[in-house]
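A.B. asks: Take a look at the letters that make up each chain.
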Amino acid sequence: MSLDKDQVQQIAALARLELKPAEHAELVDKLSKIVDFVAHLSEADTSGVVPMAHPLDVAQRLRPDVVTEPNERDRFQQNAPSVTGGLYLVPKVIE
Amino acid sequence: MTDLHAKSLTELTAGLESGEFSSVELTQALLERISAHDQTLNALVTVTGDEALAAAARADADRASGNAGVLNGLPIIHKDIFCTRGIKTTCGSKMLDNFISPYDATVVERLGTAGAVVLGKANMDEFAMGSSNETSYFGPVKNPWDLERSPGGSSGGSAAAVAARLAPAATATDTGGSIRQPAALTNTVGIKPTYGRVSRYGMIAFASSLDQAGVITRTVEDAARLLGVMAGFDERDSTCLNEPVPDYVAELGNSIKGLKIGIVRQHFDEGLDAECGVKVKEAIAALESLGATAVEVDMPNIDLSVPTYYVVAPAECSSNLSRFDGVRFGHRAEDPEDLYDLYARSRGEGFGDEVKRRIMTGTYVLSAGYYDAYYLKAQQVRHLIADDFKKAFQDVDIIAGPTTPTPAFKLGDKIDDPITMYLNDIYTIGANLGGFPALSVPCGFVKDLPIGLHLVGHHFDESALLRCAHAYQQETDWHTACPEAFK
Chain V
7 MSLDKDQVQQ IAALARLELK PAEHAELVDK LSKIVDFVAH LSEADTSGVV PMAHPLDVAQ
67 RLRPDVVTEP NERDRFQQNA PSVTGGLYLV PKVIE
Chain B
985 MTDLHAKSLT ELTAGLESGE FSSVELTQAL LERISAHDQT LNALVTVTGD EALAAAARAD
1045 ADRASGNAGV LNGLPIIHKD IFCTRGIKTT CGSKMLDNFI SPYDATVVER LGTAGAVVLG
1105 KANMDEFAMG SSNETSYFGP VKNPWDLERS PGGSSGGSAA AVAARLAPAA TATDTGGSIR
1165 QPAALTNTVG IKPTYGRVSR YGMIAFASSL DQAGVITRTV EDAARLLGVM AGFDERDSTC
1225 LNEPVPDYVA ELGNSIKGLK IGIVRQHFDE GLDAECGVKV KEAIAALESL GATAVEVDMP
1285 NIDLSVPTYY VVAPAECSSN LSRFDGVRFG HRAEDPEDLY DLYARSRGEG FGDEVKRRIM
1345 TGTYVLSAGY YDAYYLKAQQ VRHLIADDFK KAFQDVDIIA GPTTPTPAFK LGDKIDDPIT
1405 MYLNDIYTIG ANLGGFPALS VPCGFVKDLP IGLHLVGHHF DESALLRCAH AYQQETDWHT
1465 ACPEAFK
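These protein sequence lines are chains V and B, in that order.
The first sequence begins at 7 in the numbering used here and counts up by one.
The second sequence begins at 985 in the numbering used here and counts up by one.
Excised from the complex, chain V in its bound form (with noise of 0.2 Å):
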């Protein structure tokens, strides 16, 4: 099955991916061929087979809900971009 452009373009939208013209016509190619690749796995015989959720068959671990770590965010906000007074600032999003 091969992607149309138009299916790649909204794909990109989701996963918030601006693609140049260039990018967009060889990802419609090469994302045709591995969807194409990955549906092979129609041709296994799945009926009454559960879904592996963990590859230990474990549940997750829960923790009890207490404050566990200092607050460093002085220390972490200096990998951000742009940030005052402890917020990260961003483009504005309400008028």
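For the record, the hints were derived by calculation from the structure and aren't laboratory data.
Quantities reported herein were computed from a predicted structural model and do not represent experimental measurements.
Incorrect hints may appear among the rest.
Said to hold, decoys possible - Under the rule of at most 25 Å between Cα atoms (straight-line distance), these lysine-lysine pairs were calculated in the PhoX-like manner:
{"id": "1", "chain 1": "B", "residue 1": "Lys1265", "chain 2": "B", "residue 2": "Lys1244"}
{"id": "2", "chain 1": "V", "residue 1": "Lys26", "chain 2": "B", "residue 2": "Lys1398"}
{"id": "3", "chain 1": "B", "residue 1": "Lys991", "chain 2": "B", "residue 2": "Lys1398"}
{"id": "4", "chain 1": "B", "residue 1": "Lys1471", "chain 2": "B", "residue 2": "Lys1394"}
{"id": "5", "chain 1": "B", "residue 1": "Lys1265", "chain 2": "B", "residue 2": "Lys1431"}
{"id": "6", "chain 1": "B", "residue 1": "Lys1241", "chain 2": "V", "residue 2": "Lys39"}
{"id": "7", "chain 1": "V", "residue 1": "Lys26", "chain 2": "B", "residue 2": "Lys1078"}
{"id": "8", "chain 1": "B", "residue 1": "Lys1265", "chain 2": "B", "residue 2": "Lys1241"}
{"id": "9", "chain 1": "V", "residue 1": "Lys39", "chain 2": "V", "residue 2": "Lys26"}
{"id": "10", "chain 1": "B", "residue 1": "Lys1471", "chain 2": "B", "residue 2": "Lys1431"}
{"id": "11", "chain 1": "B", "residue 1": "Lys1394", "chain 2": "V", "residue 2": "Lys39"}
{"id": "12", "chain 1": "B", "residue 1": "Lys1241", "chain 2": "B", "residue 2": "Lys1374"}
Assemble chain B onto chain V, guided by the hints.
C.D. replies: Coordinates of chain B only, in the frame set by chain V:
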């Protein structure tokens, strides 16, 4: 005090203990080798010379005061997927080219506490997505055995550095073969432990149900030594399992007499290079001569491993990599018009082609209308494949076969065709899908290029793999071969 670079961790520990050389001298010698050879290899993204020498001096002082840890003064390299406090951690991506990690990964912390000295951070495929190291933002790593060839990936920098004797050992990670395939292609030992055996805290996530940390070394004994320090429960990784960690080094000496080895018929089909097949069969025969017995096992669903992986791994990757949004860390596009533009351009500029392909594939297989046909189906097939292994392990202790279908391929040969590249991991992916431990050990040369014997074990039975590979290394000397230019 010559040839320090050629020594194993075990030999180096003896030299440090006897006072034949200090960790500072050893570290200096390896830093000199890195500066002499790494322009050729491109195995390292960052060299941490000053920090290494300071750590070596601390290690020497600790030893003098009787406080030497089990890895005291031993130089290693970390794959640049492990967060290292105060040191750039790029994951091979432009996205993180400016990222200084504020904390250490558990693996980094544990090895550091044991006294290891970090020489630098190893180059890798971008976000560990690739089997050739060509997807790195920092350029491909060269294979020390032939500079026109790939060292494999994604832990290509770790493997090339160890093969070229820039360090005795390096950490690595494996989601579908990223430790074992480069180990096979560079004549090194690579072990991927059981899923959950080693903490993934501070290890940048690619596919969380498959990723596992391990090591690349030249001897199995060295791998056992490091794994013993890295393995074990960590409450900071919710998938890390609380299972006792045996003394891997102590268990190496046990005989492999009576060990039952399973051979998967499908692993010797037409996909395997004929000469590689001969070498791998010779290696299995060598294990039989040491007292193991080999029987054929059937794994009817194993041929679906690669398509299963290329649904599950991209799906998890598309979710994990959503954290790179240009807001809290990492690359940010200039002058964004609005929030969408900030996200889309930061990600479009920060990620390379293969990472984009995987995010796109993952987004597609998880999207409304396709989830059942792809993602759910793949998780069902994954169960079938894991059950094939479990069934085989009712009769055998270890499954043995080739690590890769061919020796190292040329840089540029496969990068334009994702499917051909993906098929490199055909023999290694099954272990990740089922969470089983697996190891690659050097087993000979085909056209002057190294190849590996692949061993897969029961959950949590890394010891059987290490013992078997160690016994093999006692009988063979493939692993002592060194590429001519790096002697």
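A.B. asks: Given the proposed pairing of V/Lys39 with V/Lys26, does the C-alpha separation stay at or below 25 Å?
C.D. replies: Given pair V/Lys39, V/Lys26 holds - Cα atoms ~20 Å apart, limit 25 Å.
A.B. asks: Is the Cα-Cα distance between B/Lys1265 and B/Lys1431 25 Å or less?
C.D. replies: 17 Å, holds
A.B. asks: Hint check: B/Lys1471 vs B/Lys1394, CA-CA at most 25 Å. Holds or violated?
C.D. replies: Holds, at about 23 Å.
A.B. asks: Next pair to validate is V/Lys26 with B/Lys1078; report whether the Cα-Cα distance is within 25 Å.
C.D. replies: The hint holds at about 17 Å.
A.B. asks: Quickly compare the C-alpha distance for B/Lys1241 and V/Lys39 to 25 Å and report which way the hint goes.
C.D. replies: Roughly 47 Å separates the two Cα atoms, so the pair is violated.
A.B. asks: Please verify whether B/Lys1265 and B/Lys1244 have alpha carbons no more than 25 Å apart.
C.D. replies: With Cα atoms ~15 Å apart, B/Lys1265 and B/Lys1244 stay inside 25 Å; holds.
A.B. asks: For the pair we were handed, B/Lys991 and B/Lys1398, check the Cα-Cα distance against 25 Å.
C.D. replies: Not OK: B/Lys991 and B/Lys1398 at ~34 Å, beyond 25 Å, violated.
A.B. asks: For the pair supplied as a hint, B/Lys1241 and B/Lys1374, is the alpha-carbon distance within the 25 Å limit?
C.D. replies: 22 Å, holds
A.B. asks: Is the hinted pair B/Lys1394 and V/Lys39 satisfied, with a Cα-Cα distance of at most 25 Å?
C.D. replies: At roughly 23 Å apart (the allowed maximum being 25 Å), V/Lys39 and B/Lys1394 satisfy the hint.
A.B. asks: Are the Cα atoms of V/Lys26 and B/Lys1398 separated by 25 Å or less?
C.D. replies: Holds, at roughly 23 Å.
A.B. asks: Can you confirm whether the C-alpha distance between B/Lys1265 and B/Lys1241 stays at or below 25 Å?
C.D. replies: Holds. B/Lys1265 to B/Lys1241 sits at ~18 Å (cutoff 25 Å).
A.B. asks: Checking one constraint from the list: CA of B/Lys1471 to CA of B/Lys1431, max 25 Å. Satisfied?
C.D. replies: Distance ~20 Å between B/Lys1471 and B/Lys1431 Cα, so the pair holds.
Hint violations for this structure: numbers 3, 6, all remaining hints satisfied.
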